[in-house]
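**Q** Read in order, the letters of the sequence shown correspond to residues -15 to 136 in the numbering used here.
Everything labelled a hint here was simulated from the structure, so no lab data went into it.
Owing to the predicted nature of the structure, the values given are computational and were not obtained by experimental measurement.
C-beta: ideal position from N, C-alpha, C; glycine also.
Hints may contain errors.
The calculated DSSO-like cross-link candidates involving lysine-lysine, where the alpha carbons are at most 30 Å apart (straight line), are [as the list claims (entries may be wrong)]:
id: 1; residue 1: K85; residue 2: K103
id: 2; residue 1: K120; residue 2: K103
id: 3; residue 1: K66; residue 2: K(-9)
id: 4; residue 1: K66; residue 2: K48
id: 5; residue 1: K85; residue 2: K33
Pairwise CB distance ranges (calculated) [stated by the list, open to error]:
id: 6; residue 1: R70; residue 2: K112; range: 31 to 41 Å
id: 7; residue 1: Q59; residue 2: A128; range: 32 to 42 Å
id: 8; residue 1: Q59; residue 2: V27; range: 21 to 31 Å
id: 9; residue 1: G15; residue 2: E132; range: 35 to 45 Å
id: 10; residue 1: Q59; residue 2: V89; range: 17 to 27 Å
id: 11; residue 1: A(-5); residue 2: A107; range: 32 to 42 Å
id: 12; residue 1: T108; residue 2: Y60; range: 31 to 41 Å
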Amino acid sequence: MTTGSAKPSPAARRKARRFTVQALYQWQMTGANLGDIEAQFRVDNDMRKTDVDYFHELLHEIPKCVTELDNSFAQYLDRGIKDLDRVELAILRIGTYELSKRLDVPYRVAINEGIELAKYFGATESHKYVNGVLDKVAQRLRVAERAERDSR
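Construct all of the structure, not just a fragment, from the sequences and the given hints.
**A** Here it is in C-alpha cells:
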C-alpha cells in the first residue's frame, strides 16, 4: 500500500486504476455507496502494492463529476452513453478524469493506461475504441501539452 509521502510507482498506479474500473463498474451496476464499495475492495483484495490514495481519489471524485466527464467524451462516441458497455464507460471516465483533472499525468500515459485497461477488462476490440475516444478528448483538453510534444 502506498501513502502520500513517496511518489507512487507506475505499477502501483496501474493497480489502482484496475481496482477503480472494477469498483466503478460495481457502482454503475448497483448504485451502492462508494464508501461501502471501497471498504469491500480493501478487505477482499491484496492492495499492498497499490496506490490506495489514488484508488480512493478516482473512486470518489469521478462520480462527483460524472456528468462533466461524460459530456467531455460523448461527442466522440458512435452510440449513446447508455448504450456503451459498462466496462468501457468506466475506463473512459477514468481516462477523461485524468486528462481533465490530473494534469500531472501526461496525456500519453492517460491514453495508454486506458488502452491497457480495455485490453485487460474489455471486449476484443474495445482497446481500439477507447484509444480513439481518449485521443480525441486529449486533443481538446491537452492542447498545450500536445503542441509542445509535437514541436520537438
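**Q** State the violated hints by number, sorted upward, taking the hints as numbered earlier in the document.
**A** 3, 6, 7, 8, 11 and 12
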